[in-house]
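K.L.:
Starting from the known structure of chain A, arrange chain B on it as the hints suggest.
There are 2 protein chains.
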Amino acid sequence: MYITHLECPKCGSVFNHSEVVQLCKKCSAPLLARYDLKKIKKRFCTKKLKYRSYNLWRYKEFLPIENEKNIVSLGEVVTPLLKLKNFGKRLGFKRLYLKDEGLNPGGSFKSRGAAVGISKAKELGVKGFVMPTNGNAGAAWAIYAAKAGIKANIIMPKDAPLITRNECAASGAKLYLVNGLISDAGKIAAKAVKKYALMDASTLKEPYRIEGKKTMGFEIIEQFGWKVPDVILYPTGGGVGLIGIYKSLLELRETGVIDTFPRLVAVQAQNCAPIVKAYENGEKESVFWENAKTVAFGITVPKALGDFLVLEAVYKTNGTAVSVSDEAILEYQALLAKNEGLFICPEGAATAAAAHKLLKEGWIKEYEKVVLLNTGSGLKYPDTIQANFSLLSPDDEINL
Amino acid sequence: MYITHLECPKCGSVFNHSEVVQLCKKCSAPLLARYDLKKIKKRFCTKKLKYRSYNLWRYKEFLPIENEKNIVSLGEVVTPLLKLKNFGKRLGFKRLYLKDEGLNPGGSFKSRGAAVGISKAKELGVKGFVMPTNGNAGAAWAIYAAKAGIKANIIMPKDAPLITRNECAASGAKLYLVNGLISDAGKIAAKAVKKYALMDASTLKEPYRIEGKKTMGFEIIEQFGWKVPDVILYPTGGGVGLIGIYKSLLELRETGVIDTFPRLVAVQAQNCAPIVKAYENGEKESVFWENAKTVAFGITVPKALGDFLVLEAVYKTNGTAVSVSDEAILEYQALLAKNEGLFICPEGAATAAAAHKLLKEGWIKEYEKVVLLNTGSGLKYPDTIQANFSLLSPDDEINL
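For the record, the sequence lines run as chains A and B.
Last residue of the first sequence: 400 in the working numbering, with the numbers rising by one and none dropped.
Last residue of the second sequence: 400 in the working numbering, with the numbers rising by one and none dropped.
Excised from the complex, chain A in its bound form (with noise of 0.2 Å):
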């Protein structure tokens, strides 16, 4: 395998990648993975992965597993990347994508951050974890663990999506809710990790996890035959899917597969929209949200680890961050299930509310190739839907 060290982005400080490592000893950052990139160059061929498996696994030169037998799988597939011709007739869009992250094990894009953490957790010899959550990631982590025979204590704000705390509890997790945001989860699990020593897998404070959601970028691009998009927008709370994706991009760009990037764009809700705020100002990082609150509970982040990251790829990319309303989300996501048959959650609701945006107000082309990048299946969000009904007897007609 090609993985060579770990490597702080802010202070260059460089880390043994056979230890369990969480953020920077110096200064605190995440830490990224680093790879030979110049011997995959050699190496790697993109013809080769016709003889692969159809999961993320296929990228396995760009992943830090280093012995194949520690790979923990719940059957990944290579999601689907749908062409929204009714819809995006309707918007006005010619090329207009959904890349449809509800098909993950556990109906989340969360799965792909849980099977390359939890396989690495597996190697490195990590017994087990404490991880804050706002539901879907405690989740994939919690079935990821059963599988890896891993102990797993999640804690989630008591607002997350039901159906994430029973698959928490279902797969033998100690769950803990608190009466707050994902930030108050937070604090509770840095108290624990030092009272017990266990992993910190909160966002970005293990370094594997984004390794997994990078494998987005390679899909979309291998989907596109190894060519580029001009824009993907993603929905961005902790934004680890979109420095994912940008990593990927300068992966692929350093091994010689692509020599253009797609515009990136980081979607928020207007209701805690951190980094919108600090983009529109030209910062380099953002200010924690106050009163953050909104129906995409997912992407509800006041404040995000990696948000200097996320600023990066949408600064280095051309691309852009835009919030969109409460309203906007969930009239999208009725538009989409209506027109397309796809029933996606709020926050891959969100990408479509400013697609729609960015095409009004030009920054998006009619004729550009446009991925909405949905994150889960709406399966998991039950209440954003109110379903009409007649109620009938045995003995009833209908009348249509």
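Don't take every hint at face value.
The list treats identical chains as interchangeable, and a pair is accepted whether it falls inside one copy or across any two copies.
[To be verified] Cut-off 27 Å, straight-line C-alpha distance, at most; resulting in silico cross-link-like pairs (DSS-like, lysine-lysine): (1) Lys69 to Lys10; (2) Lys83 to Lys69; (3) Lys26 to Lys191; (4) Lys195 to Lys47; (5) Lys42 to Lys303; (6) Lys83 to Lys50; (7) Lys50 to Lys227; (8) Lys338 to Lys174; (9) Lys227 to Lys48; (10) Lys47 to Lys60; (11) Lys60 to Lys50; (12) Lys60 to Lys48; (13) Lys127 to Lys60; (14) Lys227 to Lys69; (15) Lys69 to Lys50; (16) Lys41 to Lys303; (17) Lys338 to Lys69; (18) Lys83 to Lys151; (19) Lys127 to Lys369; (20) Lys127 to Lys83; (21) Lys227 to Lys360.
Honestly, the hints are just simulated from the structure, not real lab data.
P.N.:
Just chain B now, with coordinates in the frame of chain A:
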């Protein structure tokens, strides 16, 4: 393409596949699609599949769509076949597998029937249909119909899983809830079909749903390297999946791909087991089951139209039919989550309970290759798990 006609498996009558045909016009039995298998045998080669898209459409020679532009897709994937190492070891199996249909669009195996059924309906110019359902099939047909622009009328028992209501409503279907069972919904649907000249999409009353379901059989055989496993256990309500898998085996044998069959097991719930009762009495058809009620709601089917085909599949493959209690279903559902990180539906869990029962009885040997067919994701059944948790305030600590 290779479809030649529709045939009645009871009286042998032949019908034109280029028209909308429902049941046999002579004896009212379900119709089966027939293909020119001799021609397929000459031209089909499993090696060809390497270059095809990784979803059910890769078996296009065996599917009824004549023009690929009619394919309606929501991003179907080849669902994973997972080896259950932890759970298998615990129960005493050496080679226990689970085919996880929860990764289909909409979270259930019903998508396969809907993908092929709606595509063929589009090809035939169908504008609208009515369907009685236990929830998941209606949801699947509603989302594919939305994509195709076909009008869906869905009738389900009011006790069907709540989320399936939302999927129907979100995708623009007209939704009716009946204060009764699927058999009551079926009667209402039959009246609507007559009154409004709608297509009847009831189980086996249209011949193409089964063509989609049979791709589970193709996938399982391909995933074992074009070899057959020893046993496949299937949760049986209407039984279309089992009929479909048996049909796939017959077609693969006829085209020279396989020469032996797995033993097919129809699994039912103790409180709704008409097929098991018929099997135990050596009958060819089942009798309506009074007061049917089980936690595995999807298989609450008191009398299946295709019961004779299910029983034929079981008899001809030296299979069996077995029922399990609701307590066992919930117990094995929990065991699978804790040991394998798989949060599956109660129907799927029934096959795990049945497999263990058959192992203990000696009907299955410990070294045999056994496949559990999980028909859907546990995400659609949030109430089958009760989550235990501790409630914390932001200033609290956790104690392990």
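K.L.:
Which numbered hints turn out to be false for this structure?
P.N.:
1, 4, 5, 16, 19
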